[in-house]
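Whole structure, please, built from the sequences with the hints as guidance.
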Amino acid sequence: MRHFLTDALDEQEVEQLLALAHSAPSVGLSQPWRFVRIMTPALREQLATHVDAQIVKAGQIYKGDEDKLYRSLKLHGLREAPVLFAVYCDEGTETGHKLGAITMPEARRYSCVMAIHTIWLAARTRGIGMGWISILDRPTVDAMLEIPENWRCLGLLCLGYPVSEEATPELERRGWEHRTDWHSTIVSR
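Oh and the sequence shown: position 19 is 19 in UniProt numbering, straight run, nothing missing.
Calculated directly from the structure, the hints in this document are not laboratory data. Where hints are given, some of them may not hold.
Unchecked claim - When the alpha-carbon atoms are kept at most 16 Å apart in a straight line, the in silico EDC-like pairs for lysine to aspartate or glutamate are as follows:
no.: 1; residue 1: 74; residue 2: 177
no.: 2; residue 1: 74; residue 2: 170
no.: 3; residue 1: 57; residue 2: 137
no.: 4; residue 1: 57; residue 2: 67
no.: 5; residue 1: 68; residue 2: 177
no.: 6; residue 1: 74; residue 2: 149
no.: 7; residue 1: 74; residue 2: 52
Right, here's the structure in full:
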């Protein structure tokens with residue numbers, strides 16, 4: 001979701017969404033997610049300007065009609081969405097005593113994705129939209145937000161009421177990609 005109304009979200013509802021995200025499953029009960037809320041307009045604009053530049057840079061691989069379509073897509077709602085978070089994985093957390101993370105340390109990041117998924121589903125049940133922005137340069141965003149060295153950025157999350165409710169994602173509606181049949185994602189051995 002990239003098209004948001006600028007109407008404020010109820011602060012209690014935002015806290016409920018964060019509490020639900022915190023209840024997500026995590027490897028070893030490590031709870032490695034860290035939500036950095038962006039509150040200042042200047043920092044929000046700095047992030048939006050950075051993402052705009054990264055979108056242009058990332059788009060250099062596209063040619064012809066694909067380039068034209070890419071440039072026409074709205075790929076973030078950083079300036080409109082009333083709530084903005086940067087989501088990080090604390091890869092140095094001692095919570096959980098490294099259970100499950102010694103042989104598969106990336107499981108902590110997967111745990112953070114579970115928290116993102118949980119907040120996404122909870123937001124949608126409340127009529128709140130969410131967009132996940134990954135077109136960014138992590139070291140630059142880390143520096144902007146003064147992030148500890150052992151935290152790994154998983155993206156920016158925009159939350160807000162959508163301009164319109166659509167059953168089909170914009171990238172599918174606009175012809176960027178089609179939804180594959182779920183059967184094609186199952187492999188049996």
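Structure-based check of all given hints:
Taken as a hint, the residue 74 and residue 177 pair is honoured in the structure, with Cα atoms around 15 Å apart against an allowance of 16 Å. At most 16 Å may separate the alpha-carbon atoms for a hinted pair to count; residue 74 and residue 170 meet this at roughly 9 Å. This hinted pair checks out: residue 57 and residue 137 have alpha carbons roughly 11 Å apart, not beyond 16 Å. Of the supplied pair hints, the one linking residue 57 and residue 67 holds, its CA atoms being roughly 12 Å apart against a limit of 16 Å.
A hinted pair counts as satisfied when its Cα atoms are at most 16 Å apart, and residue 68 with residue 177 qualifies at roughly 15 Å. This hinted pair does not check out: residue 74 and residue 149 have alpha carbons roughly 31 Å apart, beyond 16 Å. Between residue 74 and residue 52 the alpha-carbon distance is near 10 Å, which keeps this suggested pair within the 16 Å criterion.
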